[in-house]
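Protein chains: 2
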Amino acid sequence: MEVVQFVTSNTGKFKEFQEILGDGLGFNFVHRALELPELQAPLEEIAVNKCMQAAEIVQGPVLVDDAALAFKALNGLPGPYTKEFLQKIGLVGLNNMLAAYQDKTAQAICTLAYTAGPGKEIKLFTGSVEGQIVVPTHPIKAMSFDAIFQPDGAHSSYAEMGSKAKNNCSHRYKALMLLKGFFLKKGYKQSK
Amino acid sequence: MEVVQFVTSNTGKFKEFQEILGDGLGFNFVHRALELPELQAPLEEIAVNKCMQAAEIVQGPVLVDDAALAFKALNGLPGPYTKEFLQKIGLVGLNNMLAAYQDKTAQAICTLAYTAGPGKEIKLFTGSVEGQIVVPTHPIKAMSFDAIFQPDGAHSSYAEMGSKAKNNCSHRYKALMLLKGFFLKKGYKQSK
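Line by line, the protein sequences give chains A and B. Be aware that the first sequence starts at 1, since it is given in this note's numbering, and climbs by one per residue. Be aware that the second sequence starts at 1, since it is given in this note's numbering, and climbs by one per residue.
Misleading hints may appear alongside valid ones.
Intra- or inter-copy, both count: the list cannot distinguish identical chains.
Straight-line Cα separation of at most 20 angstroms, SDA-like style, residue types lysine to any residue; simulated pairs [as the list claims (entries may be wrong)]: (1) Lys72 <-> Ala100; (2) Lys88 <-> Gln40; (3) Lys88 <-> Glu44; (4) Lys83 <-> Phe29; (5) Lys72 <-> Asn96; (6) Lys72 <-> Asn95; (7) Lys88 <-> Asp103; (8) Lys88 <-> Gln102; (9) Lys88 <-> Glu45.
What the hints contain is simulated information worked out from the structure, not anything from laboratory work.
Okay, chain A solo, but in the shape it has when bound (with noise of 0.2 angstroms):
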């Protein structure tokens, strides 16, 4: 069985990613801890970028994973940058960088990229969710913006909500489902 290695520092976003895929692709993930650098540029670039230097260093099949929130009133910052802004200032420092603003929409954006090794293509899975910056009423967990994110449509917060509902309608869940229906159809040409 092919193995994957899904290269991040950050082993809560290998633990949901088992907790959405689950088992049957075909493919074994496992996890890679790496700290890659990160290029200042468009979410999609940055992931690019990633996915070619985890593929030079693993030398096979790898996935990367960023995540991001874009504000609306900032036109769509911190983005790329949110994991740092998540570090120096916090989740209460996040909600503040609205405080001028009545506006509270914001975007999760997932980006995925994928390749089977060095120099080969790279596929890109993104997924978004539209919703509203609110202020933290959750135990803070590090390094991640869940107890300040509420998704359209929902009446508390990803924290508040649980693993279970937020990894069915997540930024992340959306991209793993494109990613599988990659893998599924990949699998089906493998087997003819």
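Starting from the known structure of chain A, fit chain B onto it as the hints suggest.
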């Protein structure tokens, strides 16, 4: 006379650079317009990386410059991402990022990186100025935060004090004075 290429996509920076440094370094600085990819990283790491890229392209001596605003209330952000924040949310947007905070203090930072060529040592020169983020009252110059940064001890923003006064006290002035000292010493040694 040795030619050092000052690599920047911002022509305004090169103009300031000439106004501050004048002649008499024993080196000839020329402008090279290149847009180089930047890392998500601390300021000095970004400058070193850009300098390495520039030296590879130019195959000779290069200087690169990175300017940033570090808001104290935001733990140093937007920092390396100041240029993108300026492009996407403008000076009013940068101001608004501090709406929730009493503390409007900030550092303006200029990081210069010089190398004599690819693979050679990279020298860093950092100049910083303490000040306040103020409401922009001056007509806004594209790609510059001069209209919202007021240095401590001054009664107006960089933009309002005019280029001559600014260039005698600015973060770029301080960094360039360190660079000048380095070049004068280098010239002195070479002539012995």
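Comparing the hints with the structure gives:
1. Lys72 <-> Ala100: both (13 angstroms within a copy, 18 angstroms between copies)
2. Lys88 <-> Gln40: both (17 angstroms within a copy, 14 angstroms between copies)
3. Lys88 <-> Glu44: Between copies, since 18 angstroms is at most 20 angstroms while 24 angstroms is not.
4. Lys83 <-> Phe29: For lysine 83 and phenylalanine 29, neither the intra-copy (24 angstroms) nor the inter-copy (38 angstroms) Cα distance is at most 20 angstroms.
5. Lys72 <-> Asn96: Close inside one copy (14 angstroms) and across copies (14 angstroms); limit 20 angstroms.
6. Lys72 <-> Asn95: both (13 angstroms within a copy, 17 angstroms between copies)
7. Lys88 <-> Asp103: between (23 angstroms within a copy, 16 angstroms between copies)
8. Lys88 <-> Gln102: For lysine 88 and glutamine 102, the Cα distance is within 20 angstroms only across copies (18 angstroms; inside one copy 24 angstroms).
9. Lys88 <-> Glu45: This pair counts as between: shortest inter-copy Cα distance 18 angstroms, intra-copy 24 angstroms.
Hint violations for this structure: number 4 only, all remaining hints satisfied.
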